[in-house]
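Please build the complete structure, drawing on both the sequences and the hints.
Counted the way mature numbering (1 follows the signal peptide of the UniProt record, and there is no 0) counts, the sequence shown spans residues -18 to -1, 1 to 128.
Hint data in this document are derived by calculation from the structure and do not stem from the laboratory. Computed from a prediction, not measured in an experiment: that's the story for all the values here. One or more of the hints may lead you astray.
[Unchecked claim] In silico BS3-like links for lysine-lysine, alpha-carbon gap of 30 Å or less:
| id | residue 1 | residue 2 |
| --- | --- | --- |
| 1 | K102 | K42 |
| 2 | K42 | K87 |
| 3 | K72 | K87 |
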Amino acid sequence: MLVKHMLAFMALASFGAAHDAGYGRTCGLKIAPCPEDSICRPNSDTCTDLNVCRGTCVFKNKYPPCGGYRVNPDKCDGKSECRDDPRTPKSCGLACDLPGICIPKNAPPCGGIRGLKCPKHLWCYDDPRDTCDPNHGGADCIGICL
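The following block contains the structure:
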């Protein structure tokens, strides 16, 4: 019984994190647009006009999933490393046995004291590979472009 409650809590927590980031949020029907790093994907294969049907916000850039508490968790190739998805910062990620994403080891840096910008079609997120936290005194943290 305890396991069932814990699984329900983790599912609700991950939904809240995704909702805050925009990922998984309802879109279409002339309601609020998705965040800049996401697109509105129709929920129905027959939808051709998102002004009259419902969709869901999904990230524009895709990264392979990895890790998580699964029978055969996916692994990253040698050019990437498995980390919590920085695009959903309020998720407990790998610590809660949820899958992470394969982050390229050569992903460009962004932000920081120099205000580095990301290349076109990439967005700046907090870098999960460091201990700098922009929400706890780390205003000059370097981010990662994904």
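Status of the hints after comparison with the structure:
no. : hint       : verdict
1   : K102 - K42 : holds (12 Å)
2   : K42 - K87  : holds (20 Å)
3   : K72 - K87  : holds (23 Å)
In this structure, every one of the numbered hints holds.
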